[in-house]
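Visitor: Given next are the chains, with one letter for each unit.
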Amino acid sequence: MLGHPWSLGIFGILAVLLVWQLIAGSGLVDKLFLPSPEAVVKAGSDQYARGILIKDLVASVGRVGAGFALSALVSLPIGIAMGCSRVICQLLEPLIGLIRYMPAPAFIPLLIIYFGLGEEPKVLLIFIGTVFFNTLMIMDAVKFVPSELRETALTLGGKGFQIVTQVVAPYIAPQVIDAYRINMASAWNLVIVAELVAANEGLGKRISLAQRFLRTDEIFVGLIVIGLIGLAIDLGFRLLMRRACAWAN
Amino acid sequence: MHLSISGVSKSFGDGSRAKLVLDDINFELDSGEFVALVGSSGSGKSTVMRLIAGLERPSSGTITVDGNPVRGPGSDRGMVFQKYSLYPWLSAADNVAFGMRLQGRSRSEVRERTGYFLEVVGLQDAANRLPRELSGGMQQRVAIARALAADPKVLLLDEPFGALDLQIRESMQEFLFLLWERTGLTALLITHDIEEALLLAQRVHIMAPRPGRIVRTVEGELDRSNLSHLRVSTPFLELREELAQQLRSLDGTLV
Chain W
558 MLGHPWSLGI
568 FGILAVLLVW
578 QLIAGSGLVD
588 KLFLPSPEAV
598 VKAGSDQYAR
608 GILIKDLVAS
618 VGRVGAGFAL
628 SALVSLPIGI
638 AMGCSRVICQ
648 LLEPLIGLIR
658 YMPAPAFIPL
668 LIIYFGLGEE
678 PKVLLIFIGT
688 VFFNTLMIMD
698 AVKFVPSELR
708 ETALTLGGKG
718 FQIVTQVVAP
728 YIAPQVIDAY
738 RINMASAWNL
748 VIVAELVAAN
758 EGLGKRISLA
768 QRFLRTDEIF
778 VGLIVIGLIG
788 LAIDLGFRLL
798 MRRACAWAN
Chain A
-9 MHLSISGVSK
1 SFGDGSRAKL
11 VLDDINFELD
21 SGEFVALVGS
31 SGSGKSTVMR
41 LIAGLERPSS
51 GTITVDGNPV
61 RGPGSDRGMV
71 FQKYSLYPWL
81 SAADNVAFGM
91 RLQGRSRSEV
101 RERTGYFLEV
111 VGLQDAANRL
121 PRELSGGMQQ
131 RVAIARALAA
141 DPKVLLLDEP
151 FGALDLQIRE
161 SMQEFLFLLW
171 ERTGLTALLI
181 THDIEEALLL
191 AQRVHIMAPR
201 PGRIVRTVEG
211 ELDRSNLSHL
221 RVSTPFLELR
231 EELAQQLRSL
241 DGTLV
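Chains as they are written, first to last, in this note's numbering: chain W, 558 to 806; chain A, -9 to 245.
One or more hints might be untrue.
As the list claims (entries may be wrong) - So, partial list: chain A residues that the calculated Cβ filter (under 8 Å) puts toward chain W:
id, residue
1, S75
2, F88
3, F167
Unchecked claim - Ranges of calculated distance between the beta carbons of each label pair, as one might list FRET restraints:
id, chain 1, residue 1, chain 2, residue 2, range
4, W, E650, A, E211, 30 to 36 Å
5, A, S30, W, E650, 35 to 41 Å
6, A, R122, W, F590, 53 to 59 Å
7, A, R122, W, E676, 43 to 49 Å
8, A, T52, W, M659, 49 to 55 Å
9, W, L792, A, M(-9), 53 to 59 Å
10, A, S6, W, E677, 36 to 42 Å
11, W, L788, A, R97, 40 to 46 Å
12, W, A803, A, D4, 44 to 50 Å
13, A, R119, W, P703, 16 to 22 Å
14, W, L788, A, G105, 44 to 50 Å
15, W, A803, A, Q236, 29 to 35 Å
16, W, L792, A, S30, 31 to 37 Å
17, A, R122, W, G793, 22 to 28 Å
By construction, these hints were calculated from the structure, which means they are not laboratory data. Glycine is no exception: its CB is placed at the ideal position from the N, C-alpha and C atoms.
So here's chain W without its partners, still in its complex pose (with noise of 0.2 Å):
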């Protein structure tokens, strides 16, 4: 049992679960303010019951999905082209530097001014906040490309988009699928983010309603399932790379 690489972070979950029904149990905090894990678990089962919770997940893994499939099919090629070509990475490098210091939250009125309330502005902002991190991951793995394979392809023949498609591609896989898995995180940040701003549904727009009624339980049910939602996609791109990467392991 001690012996499964889970045990040990279980253990830790499970104690942490453990404190907070201690605490909530004794009567030393308010109830408002730390409700007991009995009382989350109920006003989960009440929104899920409500639907409330299926319409809020849909809504928001609909916009992570949307923004974070538009960033990682516009990334991919351009952190390629920049990785392989000297001249495209000193055009592109400073620019996309100096954008990607721009918090991407701080799009948010501009993009309400453009496209206004509805789901264009969100999942523009998961793209702006996802797509230069995920190009500069990318470029960095073409660079590590050994030398020895690229012209290894071209002593055998190979020509210029085949080094591309049959060298770098493959070589850069994993590096890709793990970029995409690190920057997933911000993705979930930022819808959160713009739902907090304006929205009529969603796992942030249902926290930001909860504030307002003082309902920490369902302030705490929301964070969790978007805690829960994150360790799902992790685990489903880990689990991607080892199938689809089997060689890198």
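With chain W held as given, fit chain A onto it using these hints.
Guide: Relative to the frame of chain W, chain A by itself:
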């Protein structure tokens, strides 16, 4: 096939900071020959190979294959690097097939030649293994099979056994020699190991460093019917020692 290197020099850097790494290199290589370039590190021997492969351009002089100047890398000059050149995501068989697929050969031809060349290097049983599951010596045999399968006119070997343990290195040398005898390939071997060069090559060019240049050419007229016997025979050891001393003195006077 006739490979000709004539008056080739190479400098890295520009203007006053330019550093001459190769100075007036001349030699020839004909079909079926096995020639070695021997020198210590800094003698520019790897640069000679990269120039022939077309991965670098000479600063002056010309390199021609059958009279055609080398303008860039191409499958007529196959190359085997010292290490890390197998594609880690491809099995041994797919690595061997890699060049043929780049060349757009038909599926059946790729399959047939892959099988044949895996057998030539004695790795038919390891066809489905990934590079990381192969020993260093096996990896280099896959790299040689991959280069040969692309049907080069000349095989360029850049310290192919330099990263291997001594025991494995000796068996790989015998493997390469038998391969040369059996297939009649044309090979240019780069090595810092005088013994390796003398064992395998009919002609050995000795290179001196700073700037890299050929200082002596030895035509090895040795009896190669038994390599492990040759390794310890008196004429071989004497020649080896003489060349070793020459290399040491070349290094010593310039350090």
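Visitor: So which of the earlier hints does this model not fit?
Guide: Violated: hints 3, 4, 10, 15, 16.
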